[in-house]
Structures are given as structure tokens and as C-alpha cells.
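Participant: On the provided structure of chain R, position chain B as indicated by the hints.
Protein chains in written order, with my numbering: chain R, 1 to 138; chain B, 139 to 1242.
No farther apart than 30 Å at their CA atoms in a straight line, the calculated lysine-lysine pairs in the BS3-like style are these:
{"#": "1", "chain 1": "R", "residue 1": "K116", "chain 2": "B", "residue 2": "K1100"}
{"#": "2", "chain 1": "B", "residue 1": "K1100", "chain 2": "R", "residue 2": "K16"}
{"#": "3", "chain 1": "B", "residue 1": "K1106", "chain 2": "R", "residue 2": "K16"}
{"#": "4", "chain 1": "B", "residue 1": "K986", "chain 2": "R", "residue 2": "K116"}
{"#": "5", "chain 1": "B", "residue 1": "K1106", "chain 2": "R", "residue 2": "K119"}
{"#": "6", "chain 1": "B", "residue 1": "K986", "chain 2": "R", "residue 2": "K31"}
{"#": "7", "chain 1": "B", "residue 1": "K832", "chain 2": "B", "residue 2": "K372"}
{"#": "8", "chain 1": "B", "residue 1": "K1229", "chain 2": "R", "residue 2": "K101"}
{"#": "9", "chain 1": "R", "residue 1": "K129", "chain 2": "B", "residue 2": "K155"}
{"#": "10", "chain 1": "R", "residue 1": "K122", "chain 2": "B", "residue 2": "K986"}
{"#": "11", "chain 1": "R", "residue 1": "K130", "chain 2": "B", "residue 2": "K246"}
{"#": "12", "chain 1": "R", "residue 1": "K16", "chain 2": "B", "residue 2": "K366"}
{"#": "13", "chain 1": "R", "residue 1": "K92", "chain 2": "B", "residue 2": "K1229"}
{"#": "14", "chain 1": "B", "residue 1": "K1229", "chain 2": "B", "residue 2": "K1200"}
{"#": "15", "chain 1": "B", "residue 1": "K179", "chain 2": "R", "residue 2": "K32"}
{"#": "16", "chain 1": "B", "residue 1": "K1115", "chain 2": "R", "residue 2": "K31"}
{"#": "17", "chain 1": "B", "residue 1": "K167", "chain 2": "R", "residue 2": "K16"}
{"#": "18", "chain 1": "B", "residue 1": "K647", "chain 2": "B", "residue 2": "K635"}
{"#": "19", "chain 1": "B", "residue 1": "K1115", "chain 2": "R", "residue 2": "K116"}
{"#": "20", "chain 1": "B", "residue 1": "K1106", "chain 2": "R", "residue 2": "K116"}
{"#": "21", "chain 1": "B", "residue 1": "K246", "chain 2": "R", "residue 2": "K122"}
{"#": "22", "chain 1": "B", "residue 1": "K246", "chain 2": "R", "residue 2": "K119"}
{"#": "23", "chain 1": "B", "residue 1": "K155", "chain 2": "R", "residue 2": "K119"}
{"#": "24", "chain 1": "R", "residue 1": "K119", "chain 2": "B", "residue 2": "K1100"}
Pair by pair, the computed Cβ-Cβ distance ranges are:
{"#": "25", "chain 1": "B", "residue 1": "K986", "chain 2": "R", "residue 2": "E127", "range": "30 to 38 Å"}
{"#": "26", "chain 1": "R", "residue 1": "Q135", "chain 2": "B", "residue 2": "N988", "range": "52 to 60 Å"}
{"#": "27", "chain 1": "R", "residue 1": "K101", "chain 2": "B", "residue 2": "L1174", "range": "28 to 36 Å"}
{"#": "28", "chain 1": "B", "residue 1": "P170", "chain 2": "R", "residue 2": "Q135", "range": "22 to 30 Å"}
{"#": "29", "chain 1": "R", "residue 1": "E127", "chain 2": "B", "residue 2": "Q197", "range": "42 to 50 Å"}
{"#": "30", "chain 1": "R", "residue 1": "L93", "chain 2": "B", "residue 2": "E486", "range": "52 to 60 Å"}
{"#": "31", "chain 1": "R", "residue 1": "F6", "chain 2": "B", "residue 2": "S1150", "range": "54 to 62 Å"}
{"#": "32", "chain 1": "R", "residue 1": "K101", "chain 2": "B", "residue 2": "E1203", "range": "35 to 43 Å"}
{"#": "33", "chain 1": "R", "residue 1": "F6", "chain 2": "B", "residue 2": "E1094", "range": "44 to 52 Å"}
{"#": "34", "chain 1": "R", "residue 1": "E127", "chain 2": "B", "residue 2": "E911", "range": "53 to 61 Å"}
{"#": "35", "chain 1": "R", "residue 1": "K101", "chain 2": "B", "residue 2": "E911", "range": "46 to 54 Å"}
{"#": "36", "chain 1": "B", "residue 1": "S1150", "chain 2": "R", "residue 2": "Q135", "range": "53 to 61 Å"}
{"#": "37", "chain 1": "B", "residue 1": "E486", "chain 2": "R", "residue 2": "T28", "range": "54 to 62 Å"}
{"#": "38", "chain 1": "B", "residue 1": "E911", "chain 2": "R", "residue 2": "T28", "range": "43 to 51 Å"}
It is worth saying that the hints were derived from the structure and are not from the lab. Where a beta carbon is used, it is the ideal one built from N, C-alpha and C, also for glycine.
Spelled out from the first residue to the last, the chains are:
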Amino acid sequence: MMKGNFEPKIIGFFCKWCTSAAADLAGTSRKKYPANVIPIRFFCSSRIDPQHILQAFRNGADGVLIGGCHFGDCHYQNGNYKTARRVALLHKLLEGMGIDKRRLRLEWISAAEGEKFTKVIKEFTDEIKKLGSIQGKN
Amino acid sequence: MKRIGVFICHCGINIAKTVDVEALTEEIKKYPGVVHAENYKYMCSDPGQNLVVDAIKKQKLDAVVVAACSPTLHENTFRNTSERGGLNRYVCEMANVREQCSWVHDDKAIGTTKAAHIIKSIIEKVKYDEALEPILVDVTRRALVVGGGIAGIQAALDIANAGIETILVERSPSIGGHMIQLSETFPTLDCSQCIMTPKMVEVAQHDKIKLLTYSEIEEISGSVGNFKVKVRRKSPFVDWEKCNGCGECDLACPVSTDNEFECHLATQKAIYRPFPQAVPNRFTISKLGQPPCRIACPAGVNAQGYIALIRAGKYKEALELEREANPFASVCGRVCNHPCESDCVRGEVEEPIAIASLKRYVADVGSYPLEQKKPTGEKIAVVGSGPGGLSCAYFLAKMNYRVTVYEAENVAGGMLVLGIPEFRLPRNAIQADIDYIKSFGVEIKTGVRVGETMSLDDLQKNHRAVFIATGAYEEMKLNIDGEDLRGVLHCISFLEKVNKGEKITLGKKVAVIGGGNAAVDAARVAKRLGSDVTILYRRSRREMPANSWEVDEAEREGVKIEFLVAPTKIIGTNRMQEIECIRMELGAPDASGRRRPIPIEGSEFRIPVDNIIVAISQKPQIDWLEPAFERTKWGTLVVDPDTLETKVKGVYAGGDVVTGPATIIEAVAAGKKAAEVIDAHIRGVPVVHKQYKKGRPEPEDLKRIQKVLRAEMPKLDVNKRSKFDEVELGFEEEVAKKEAERCLNCAICCECLQCETVCEPKAIAHDLEDKIEEYDVGALVVATGFDLYDAERLKEYGYGTVQDVVTSLQFERLLSASGPTAGELKRPSDGRVPKRIVFIQCAGSRDKENHLEYCSKICCMYTAKHALLFKHRVHDGEPIIFYIDVRTSGKGYEEFYNRVTDEGTLYIRGKVSKVYQDNGRIVVLGADTLSGKKVEVDADMVVLAPAMVPTEGNEEFVRKLKIQCDAKGFLTEAHPKLRPVESQTMGIFLAGAAQGPKDIPEVVAQASGAASKAIAILSQDKISFEPTVAGVDEDLCSGCSICVGVCPYNARELDKEKMVVKVTEALCQGCGSCSAACPSGAAQQKNLVDKQIEQMVVTVLEEK
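Looking at chain R on its own, in the form it has when it is part of the complex (with noise of 0.2 Å):
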């Protein structure tokens, strides 16, 4: 496959009081971004279990977001920081299981980070196309 061609597929994990209303807000503002990251919404970005990561990377995605709350600003208290130790120790798994580890990016962006939250899908978008299919390093 062509790289300039490359079209990621990309699932994005977002907590609904955050990330998710962040990407609520890119849109009210009519931010543009890329088409690739399909968002699905969990009330906290806690409740992913790296199985459903690894089962998306299982099932073709080329990259995985996960989008939560800033540290201390949690809904739930600290479901954050959960999430940001499970991704650790999942980014040194992914590298014994031969995934690139960057396919897989953690960010905290808040209800207000319209902004950011439009930027980081455009780089996570480009990191990806970068590293190419999943597929294809297979």
C-alpha cells in the first residue's frame, strides 16, 4: 500500500466529561480535523480495559487514542490515573507483542481543549500514516 494513499483506521476511547465534551466543543467551534478516529464514549476513560485495546489493534486498527481527564480534574475521582498506569505497563507489552508502542497514545484533554483536542487528532492521524498500516508491518 502507498503511504500517500493510507487511510488509518483509528479508534478513539473518550470519557464522557472530558475528552468526549472536547471533542463536543471541536465541533460547536466547526474545528476541522481528519475522518480517521471513530470516537467511542465510555463515562471514564477507566473503565477500558487493555483488552479492548488490544482487541482493536487485534481487529486492524492502526492506532488507538485514548482521550481522559487532566490529573486531579477526574469525574470520578481518579479513574485517570488508573487508565495512566495500565497504559504504561500495556506500552511495554505492546512492544513484546511487536506493536509499535506509539500506535498506541494516551491524552488528557479537558471540556475546554476544543483546540487541543483537534490537534492532537490531526498529529495522532499523521503519527499513524507515518507508521503506516498495522497491517502492512505484519
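Facilitator: Frame of chain R, contents of chain B only:
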């Protein structure tokens, strides 16, 4: 399989523009499980919703997906719609194809594809959605309002008037907030106090309001309907049940401190009521702990207290307070080594307060006739009448014990009388203190040597306890050749003889060996006896243990000191003639931290002297005690450090006999401690050693203090010191008072207890401690208010350096009839009436580069009001206002502004660049941006309008409540337009300036809004919660309890019998972190189970 209906909204062209809704509908129709799909222009409209209802009924739908806007907006709408169609509301889901799809993409093909993915993933979710019922929980019908400003007051009154019990928590001692500080309010100019105080009184008298002032929220748990709030009731050190607000204490208190209510323009007493109309009308004591001087004193003498009383001219009371902790006021005022002064905070400014000299002043002038008391309690024996023994006797006698002091010498006082020469400590000064001790019924038997005249056994038989304080009299020897030659004297016996008036003849040249206080005393005595005196000390001046001021005095009197010299032998036949010494150098520090002297080989030299006086320390003489009393290797007595009890039960010991030669105040402290322990042991109660918190000003605050040098002690002319007259002459009253003025009142309240003596209802309670109270409430209103931006950060405007530059709130106080100037406008520096005032708006606001970006909203209006009130007070006054823009949006505001300009206020559009003082005039430099010219104005006063900022500590508070604040620290509302009074946490509402700058009418309106939201919750018996909580599949649960650890709400608990985890659904908030943590898949969040997520992931990744 479920029969699913999908409804795609055009949202006008908002969705339809980038999503081909027709094509999408056709595609979705073919998706497995979908039995019905249609699109409509506005699905949220009435006809749109009816399409859904009709389809549910006609198509017998089991689940509904609405592809439209964000679920934040219309999830509730469509779930209600589904219910109208007869479906459970939780089998209706929304696919967000507007905010997260059509609005962010331009290409229709791409938008349509993404929309299809989103919709399909939601179809997969809804396939497994269960019908759920909301969780119902009982509501605690009680509200708690935080903050007693106008916002909190209004909210509390509104809720209480709805018949709901309300707790109002306020951090300061009175409610009223900033509004009660204002003079008049714009645009109607009604007096703030007049409209505010009735409301405050209404709060206090409302039978549904519980008012908790001087209280803070400590902790909060639970959730809407059932919060548990821990409130810290800070101790006001006054029993508010008893205090009647009479204010006698205010008059009696000798400590003045900064007045926060008057914005630092006035002072208040350490016991205060923020303002006369305070609600509740009660007094509070500002107490930071104990001052460093008091903590530094081994006996805990309350120096800050008696210094405050000296300032007030209450010398008798001052002396009583001194004697409370130490009976030797007269003695210690003269010869104490005063560790208090070393820790005195004033020393950080320039020099410590002359605490000891002030103490002496009080002892000299404050004496009062003594009442002879006769104690009646148990008998106690004290052996030794030095400061330790007599202190112990004194404190015991005060506790009604009958104490007999046995003294071996023919005079009482121990080392005070025998060791310290009269020119430092006159005999009548000692006698004054001993007389005072005796007035408590202490009997002193002199000439009785316990161990000889009578045995310790006899004492023990006749007394409940014995305290040994026989001091350290046995003199240490040099242990060098020639020490027993005639002419070699030992210090204490030498001083003793002199003090007893025995005749002593010294030779022409005398050498004193040693560097302690006794050595210096001996040298000064020898000098007075006519000899040429040299002190030989083996280390350098820095290491000398003697008080430096005594060393200085000795040198002034002509005593020479040779440092780094040690004697090696004394030479002579029969009578000494010479002393051989060796030079020393300093090596590494020893155990005492002082550098160890090392002899320099071959540096021996001889000094011809007639006498030497050996003054190299003493040790206790305790041969008379039986072996049962354990000794240390230094020959001191062993005691339990906590109780001072020796190895023999009922016999205690303290002072030099335990510590070796030490200070008077340490001996006093030991005597005091022994008395407390003996009393506790006799009464059979535990011994309590209290730990005190140190209270002192912040180092930052010391920078503002003007330097004033310490009062110098007047001394006897050096040429007149041939006799034994006292060298230090004592302070004059004026000097003492001025010195006492220097005291910084470190702990604010000095515990002089003057308030106690005048308080008729006996309400003062200096020992009162904070209390934690717990309240169950259903809803909270947060109204924590605002502060002004720290004007000192606006350096260019001269605040803090130019005295007549004030903040707007200070100006309000200067205008207020109840303010520090009683409503007459006078400037702070000299009390003159200002003729020209420059007002600077936007002081910190609207300054993105340097300070704060936002507009503080109220400043334009109150500055206009200030200008008008200034004109009203000073008819020929010239108000000049520098502004960026004048913002007057509000009812009657523009009209008010017009009135202000009509009455003669000059508005200059532009910023001020600098305010400075030049030869008494205040110069304001600025720009007039309309004419493009620089402006220089002379002013009598400058008033700043600092930005409004959230109240101090707001961020920490917000964290406690688990609500949110924005980057500026203002509380965040759930929605800026639609839910402006709700926080993002259900059941916690926001009111007032804590949420953002606003004026009084807005604050009151918002408070009523918050109150009505709270009432809406509290008027229900039960409250419903989202049922999307996490459950447990008991068949799968192994009881590993990992989920218990990750749950932030304690909603999960292990059932140890069944070894499965149980969930308290009312506590579960539905974050789902347990589901992610559960290794067996037993913990599943309802309607977001693993299976759903898996299917959604797979669907999203499928190629179209």
C-alpha cells in the same frame, strides 16, 4: 433478535450538509437487526419525536438509535420520547453524527462513511442494552450553604424559607462577607449596612437555619441526596454559649493587631468582634499558638504577656503574670541568661526585645503587698533552697501542699546568695523573691544539713514526697602540680566567702582559670578587691560559656583575658609565685560542638601571679545519699527524665544536682516540673506534658516593620565600680514602655488573661480546642466569594510604598460611617481631607500580558460611585478616573454613569504607567489615548480598582468538594448558559462571585437560583440515580477483591461468607473502573458490558 429502529436527523443542514442522510438511511436499513430506518429534518421537534413514537408502536421496536447531535444535548429528550412510545428509556441511545462528525468534516463522502461507522457501533451497543430502572435513594432533607456573604445568606434564607433545615458555614467569626464592608451601593446609593444587617439578623434568628461561623469544611463524602460533611468548628477561645458580646474584654486586652475587616486601616484587639454589628455578636481571640520567647524559656515564662501588660502600664498584673511561671522575677530579671531573647522574632528585624530587663523593671516597680497564705494539704520536704528547691516549694504550696525547705547554710537562696556577687544581684532582689515564695506558706529551715543534722529516712517518714535540689558545689580540680600551694583559691568557695562578708585579702596580681559565668564573676570580684586580674581561658572568645554581656562588662572594668592558654603547673614554695601555662590552638569540634583546644608543644611560658582562682566547674556533692540512688559517671544523680523521680520511690531530684552546673531558669523549670509530677503522683493522675504550637509572624511580614533599636540598660559609671553596688541601674518607665512597644505580639493573644478577669459571664476559654462536627445533608450551595487581587503585585501603582494609594475596598471603609474615620474622608498618611483623588480602573484586570485577562465587571460602576461619593463628602473635590473602557451594562447603570460625569468627574481614557511620591506630592503618570498625549497629575490620594479573584484557598476547597474550577480559580458551572448555578457534581450548586465576577443584584439572583435548585432536590422524598452502575456476576466472581481496591466510592465490599463482592448501588457512580480491573469479567457496568465494547470495536473497524 431485537427489532431496532434508527432515526437519522438532518438538523436542518447541520448534518445533512456533510452527511448524505438518504444514502445513509438506505445503508443502515440493511444492517443486521435494523427493522426500521428513516430520516427527518429536525428529529428533536415535535413531529420528529412523533415519528419515533409511531415507529416504536407500529414496528414493535425493542430498541432505538437516534443519530443526531451530542447525547449531552438530547439523550434525555429521546429517552423520554422512547418512554412515550412504550420502551424502557435505557434501550434508547444516541449516535453523535453532528458535533463529532458533520461539523468537523467537509467532504460529504468521508462524513457519510464516518457517520455510518458511528451509527453501526451504537446499533451494536443497543443490541445488548438492558431495560433498566432508575435507582431510588432517600433524600436527606437538609441543605448546607458554604460562605456567609450576601450570596450564602440569600441562598440559606431562600432554602430555609421553603421550610428546609439549612446549615450556613462561614469561615470568619461573623457572616456578612464583603458586602457589609461597603459604604453605599450603586446605582441607588443605599447604605450597604442598612440593607445587609437585617438579612444577617434574619439568618441568626431563623428557626430553620443553623449558623456555624468560624467554621470550615473539613471533608465531604457521599453524593446528591446524601452527603456527609465534616465541619471544623475552629476554637474562638471564647465559649459562645456564654459570651454576651458586652465588649469588656476588648477594653481590657493589651494587644493590638491588624484589623482585617477595616482592610488594615485600623487595629483591633487580640480579642475581637469583626465589627459591632457582627452576627453572631460574639468575641473571638486571635491566637496563633505560643510565642517563641515563651517556648524558648525552660520555665515557660509568658514574656509576650507581661510585655503587653507593661505597654498597658499594668505593672502589678505584669509581675503577677511573671510569677505565675517563675517566682524569681526579681532574680531572673537581673541574671537570667534569657534564652527567650535569643529566639525573639524582633531579632530578625534588628535586635531582640530586652525581655529580661523589662522583667526586672516590672519586679522593681510592680511589687504589691503580699497576702500570707496557709496551705493545708499533704506535707512535702525540699532539700536545698536554691532556685530549683524554692521553685518546687512555691509551685507545690500554690497547690495547697505544706512544704518545708531544709537548707544546710544559714541563709536561703543557694547559689543565688553564695555564688553570685552583689553587684550583679543585690541581696534585697533575692529577698524580694524569697519573701514572695514564703507568702504561700513555704517554711524554710536554714542550718539543717540533711544527711547530718537529720536523715533522709526521717524526711521520707514525715513527708509524702521529697525533692532533692542540693545543687553542684564540689569544685573541680585542675589536677596539676602545685595546686595545694597557698594562694590557690577555688571559685565558689572564694565567692561564698566574699558573699558572706568574710574578709579576704588577695595579692596584687590574680589569675582566674576558666571561662564560665562563675569565672567572670570571680574576676570582677577580685578586681573590686583591688587586684590586677587576668582570666586565662583555654579556648577563644567564641567558645566562652559565660554570658557575652558579662564578659564585656568585666573587660570594661579592666579585667584582662588571655585566650587559648591553659595552666600546666603552679610554681612556688609554700606560697605560689608563678603559673606555668601552655598556648593552645583549636582543633575539631568536640561533643559540645565547641572546637577542642590542643596544646602547642614547646609554647610553655610563665606568668608571675600572687593568687589564682580556679573556676573550671563543679559537681554535685551527694556522698550523703545511699547507694540506692544511682549516679552518673559525672557524679550527678540519675532521675527519670519525664518525672524527675530518682531510683528511690517518692524521692525526686532536679536542678544542678541532676544536670551539673546549669542556669537558674533551668533550675526553676526543674522545680516546676517536679512540683507538677509530685502533685500528679499524689493525686494518682497521669502526668501531662503539653506540647505547644509556635505562633509567630511570617518572615515576609517582618519586612514591613520599621527598625527601632533596642533600649540600652543604663549602667553604673565604670569609675564608680570599686564597691559592690549594682552595676545595672534598670529602666525608667518611659524607656520600659517604649521597649515594650517594640514587641511584635508574635502569637497575637499573649494569654495575659486580662480578659478572664473582666469577663462577667466567665466565657473566656483559652484552652478551648477545635471540634469536628458531622452533618448529613442532601444538597450544598457553594458561595465562597472573592478577594481583591493583591495590589502589591501592581508595583507601578505604588501600593504598599505610597501610603495614600489605597484599594477600592479600603476606600469603601474610609467612606463608611462605621469605618476607621467614622465616615469622614481622610487620607491614611496624615488624616488630611484629599482634594484630588485619582482612581485607576482595571488594576490587574484586562491585562493579559502582566496580570489577569478577564474583566472584573463591577469596577467601572463602583469607581463611578466612589467619584460621586467623594464629591458628596468633599464638595470642591476633583475626582479623576483613568479607564480603558467604561462598561455600564445593567439596569440604571448608564444613567448613573451620566450622573457622575454631570456632577463633575474627569474621565481620562488611558492607562496609568506609574504612581510615585515626590516631595510629599503623589504624582500619577499616564497616557490619554484619546488625545495621544502623556498626562501627569498631582493627587492627594490614589484609589485602585483591583481585579476580583476567587477567595484564598478556593482551589483546595474545590478539590475537597470534587467540583471544578477554571484556570483562574473561579468555580465551573455545569453549563455556561443552561446550567449556570449547578456544578458538575449533582447536588452541589454555585452562587455568587466564587463562580465569576458579578455585582450584588446578580449575586442575589444567582443565589436564589441555586437555592431553588437545591430545594428542587430536597423537596423530594427520593432521588433517582442512573442505573448504569456496575454489578457483579456472582457465578464468575472469585472474591479476589481487586475491584474493591479500585472503587473510589467504597461501593464494593467483599462478602466474606459467600466470597463474592457485593455492590451498594446507591454509592456506585458508574465509572466502570472495576469492570476494567476485574480479571474474570464478573464486574460489569450495566449497558456498557465487555461484550458491547467488543462488538463496537469490531464494527468500527469493519471496511464499508
